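Engineer: Chains as they are written, first to last, in our numbering: chain B, 1 to 115; chain U, 1001 to 1111.
Simulated crosslink set (PhoX-like; lysine-lysine; CA at most 25 Å straight-line):
id	chain 1	residue 1	chain 2	residue 2
1	B	13	U	1040
2	U	1037	U	1057
3	U	1041	B	57
4	U	1056	U	1037
5	B	13	U	1041
6	U	1003	B	57
7	U	1068	U	1003
8	U	1056	U	1003
Just so you know, the hints here were simulated from the structure itself, not pulled from any lab data. Small disclaimer: the values here were computed from a predicted structure and weren't measured.
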Amino acid sequence: KAGVTQTPRYLIKTRGQQVTLSCSPISGHRSVSWYQQTPGQGLQFLFEYFSETQRNKGNFPGRFSGRQFSNSRSEMNVSTLELGDSALYLCASSQGLAGGVETQYFGPGTRLLVL
Amino acid sequence: EDKVVQSPLSLVVHEGDTVTLNCSYEVTNFRSLLWYKQEKKAPTFLFMLTSSGIEKKSGRLSSILDKKELSSILNITATQTGDSAIYLCATRDNYGQNFVFGPGTRLSVLP
Chain B
1 KAGVTQTPRY LIKTRGQQVT LSCSPISGHR SVSWYQQTPG QGLQFLFEYF SETQRNKGNF
61 PGRFSGRQFS NSRSEMNVST LELGDSALYL CASSQGLAGG VETQYFGPGT RLLVL
Chain U
1001 EDKVVQSPLS LVVHEGDTVT LNCSYEVTNF RSLLWYKQEK KAPTFLFMLT SSGIEKKSGR
1061 LSSILDKKEL SSILNITATQ TGDSAIYLCA TRDNYGQNFV FGPGTRLSVL P
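Looking at chain B on its own, in the form it has when it is part of the complex (with noise of 0.2 Å):
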């Protein structure tokens, strides 16, 4: 089974400017979580989408959002990007189910440069 694919693996932006990243995740699964993951905050949950729903957020600007399509891809997009969203942005893929016992795999991630 292949693993789960982000792209791009690298970007540099400016200030200002908008960016969406791109998750694939483990065929099957039907949930995918993001996360930013910087040197000071450490891993800090954004949001999961299950069947094209946000079911969960984190507390994040609403600068942040995302989407999920019917093949459960899913997009994640900053708007008036600041140099303080630099970071390793992963996602991570599982079925979804309901009850706590199931773990999540991680894609490589994407690391953003905002210049």
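Assemble the complex: chain B is given as a structure, and chain U must be docked to it using the hints.
Structural biologist: Same frame as chain B, but now just chain U:
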């Protein structure tokens, strides 16, 4: 607010040493605790713990959950340089929706 704390935040040992990494949590509707190893990019899954007192083992790594103490430990015996990584602890709630990660423990194993 749900919180996961790990200690130590950083650890330097020599090959052959045994290390114990700690994770404690304050989580509403706790259901499971997971350990991940992160070397360069993506965290890779190590263990998932749901029941107290049952040790999970994989080679030189083992982990156990103590629900009474709201904590877990990850043990690595006979450490190797390849064990150098950040070890992340995360909890998941009963609804299976909310992942909360700790800050990680950065382990450096010197030859």
